[in-house]
Amino acid sequence: EAQVTQNPRYLITVTGKKLTVTCSQNMNHEYMSWYRQDPGLGLRQIYYSMNVEVTDKGDVPEGYKVSRKEKRNFPLILESPSPNQTSLYFCASSLAQTHEQYFGPGTRLTVT
Amino acid sequence: EDQVTQSPEALRLQEGESSSLNCSYTVSGLRGLFWYRQDPGKGPEFLFTLYSAGEEKEKERLKATLTKKESFLHITAPKPEDSATYLCAVQAISGNQFYFGTGTSLTVIP
Numbered sequence: 001e002a003q004v005t006q007n008p009r010y011l012i013t014v015t016g017k018k019l020t021v022t023c024s025q026n027m028n029h030e031y032m033s034w035y036r037q038d039p040g041l042g043l044r045q046i047y048y049s050m051n052v053e054v055t056d057k058g059d060v061p062e063g064y065k066v067s068r069k070e071k072r073n074f075p076l077i078l079e080s081p082s083p084n085q086t087s088l089y090f091c092a093s094s095l096a097q098t099h100e101q102y103f104g105p106g107t108r109l110t111v112t
Numbered sequence: 001e002d003q004v005t006q007s008p009e010a011l012r013l014q015e016g017e018s019s020s021l022n023c024s025y026t027v028s029g030l031r032g033l034f035w036y037r038q039d040p041g042k043g044p045e046f047l048f049t050l051y052s053a054g055e056e057k058e059k060e061r062l063k064a065t066l067t068k069k070e071s072f073l074h075i076t077a078p079k080p081e082d083s084a085t086y087l088c089a090v091q092a093i094s095g096n097q098f099y100f101g102t103g104t105s106l107t108v109i110p
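Chains as they are written, first to last, in my numbering: chain A, 1 to 112; chain B, 1 to 110.
For reference, chain B alone in the conformation it holds in the complex (with noise of 0.2 Å):
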């Protein structure tokens, strides 16, 4: 069965400390893995695609990796303004149904 699996829960960095979110997943042949951020009362925003293991895409103070069995979203010198929920989802390469993870909710302290 697809599944995926974000740790930790949750997430309190000081502004400037950086750390890195986990995305681990169980799928039948991976067509890509995505992730997104969520703000409180609205909807997911799209970040990054990874297609195949060894890939690395960055935006600003993002950076996301993939290997054969999970993904890291890496997030150097946070600010305030980065604290949201970051969802990671996986398709299957046998469909184009989508299982998203419970999400890794982040909180930057100034």
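Only chain A is shown next, with the shape it has when bound in the complex (with noise of 0.2 Å):
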């Protein structure tokens, strides 16, 4: 089955311990992104890749890191999480040639 996972689903966590929030997909996808949902704000984009080893900053990076050294994998990681970092986080893939982004379940992270 096609999608895309992410790991942990739920996260309570607190002021200043770095974390890692996992991606997965299994559509040999070259597009790869980060948003986060907040009420009233709707989905920013985070990050985005667009292949192995190509990253770039989104609408709201500053507090993330990506990496991607894998195709199939782009792990979010926050190195000093605050509270304003709490939040719905989506993780995406796409093929780069139609963006037809295929979205994973969302990490509900909690930061206290």
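There may be inaccurate statements among the hints.
Stated by the list, open to error - Mimicking DSS-like on lysine-lysine, the simulated pairs with C-alpha atoms at most 27 Å apart in a straight line are:
1. B:K63 to B:K42
2. A:K65 to A:K18
3. B:K42 to A:K65
4. B:K69 to B:K59
5. B:K79 to B:K57
6. B:K57 to B:K69
7. A:K57 to A:K71
8. A:K71 to B:K42
9. A:K57 to A:K18
10. A:K18 to B:K42
11. B:K59 to B:K79
12. B:K42 to A:K57
What the hints assert, rightly or not - Derived list of chain B stretches under chain A, where covered just means 3 residues or more per stretch with a C-beta under 8 Å from a C-beta of chain A:
13. 19–27
14. 42–53
15. 101–107
Honestly, the hints are just simulated from the structure, not real lab data. Model, not experiment: these values are computed from the prediction. Where a beta carbon is used, it is the ideal one built from N, C-alpha and C, also for glycine.
Quick one: dock chain against chain with the hints and give me the complex.
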């Protein structure tokens, strides 16, 4: 089954404790992206990647890091999380040609 | 600055009552406009891509249209299972970044 998986689905952590949210896709998609979704603000793009070892900043990259060492994986790293990073995070992937994005199920992160 | 505005924020329809959702956009050259459906607690699901003014796409009770400044998602004779939040996104011709609107929450009452 074609899918995008994210782990963990729910995470409660404390300010400053480094964390990684994993994202994996099994569709051989070149394009992968991370979004955060907040009430009233909609989906905002954090980082995206056009292919292995190629990453670019989206609209709200501050406080986040990403890496793309393998085509199927695109982890999101919060090196020192803060409460304003409490949000619902989605990973997505697509073919570079069509950009019809497949989204993962989401990771709900709470930073206290 | 690239921007997407969706209206209305929320829409309640009786089953069978057709209506339209609006997506207005400002972008420095449009590469594509995308419609997604999002059910509560789930990730968005792709519906349509439109590339140029005058283009139309249809899927079951949904039809998306595009002009140079806005897109409409027309819902014909909706059913309760069409209840969801509908999201619009644009991709500028200059890059591979996406800008989403805040969505329209549609409720179809039996």
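Hint check:
In summary, the hint linking B:K63 to B:K42 is supported, as the alpha carbons are separated by about 23 Å, within the 27 Å threshold. For the hint pairing A:K65 with A:K18, the CA-to-CA distance comes to about 11 Å; that is within 27 Å, so the pair holds. At most 27 Å may separate the alpha-carbon atoms for a hinted pair to count; B:K42 and A:K65 meet this at roughly 24 Å. Simply put, B:K69 and B:K59 have alpha-carbon atoms about 23 Å apart, close enough for the 27 Å limit, and the pair holds.
The straight-line distance between the Cα atoms of B:K79 and B:K57 is roughly 19 Å, inside the 27 Å bound, and the hint therefore holds. The suggested pairing of B:K57 with B:K69 holds, with an alpha-carbon distance near 17 Å, which does not exceed 27 Å. Distance restraint check for A:K57 and A:K71: the Cα-Cα separation of roughly 18 Å lies within the 27 Å cut-off, and the hinted pair is therefore satisfied. Taken as a hint, the A:K71 and B:K42 pair is honoured in the structure, with Cα atoms around 24 Å apart against an allowance of 27 Å.
A hinted pair counts as satisfied when its Cα atoms are at most 27 Å apart, and A:K57 with A:K18 qualifies at roughly 20 Å. A distance of roughly 26 Å separates the Cα atoms of A:K18 and B:K42; the hinted pair therefore holds under the 27 Å criterion. A distance of roughly 14 Å separates the Cα atoms of B:K59 and B:K79; the hinted pair therefore holds under the 27 Å criterion. Only pairs whose Cα atoms come within 27 Å are accepted, and B:K42 paired with A:K57 is accepted, the gap being roughly 25 Å.
Given a C-beta distance limit of less than 8 Å, the hint that chain A covers the segment 19–27 of chain B is violated, as 0 residues qualify and 3 are needed. A count of 6 residues in the segment 42–53 of chain B with a Cβ less than 8 Å from any Cβ of chain A is obtained; the coverage claim is therefore met, three being the minimum. Note: the segment 101–107 of chain B has 3 residues with beta-carbon separation from chain A under 8 Å; the three-residue rule is met and the coverage holds.
This entry does not satisfy hint 13, going by the numbered hints stated previously; all others are met.
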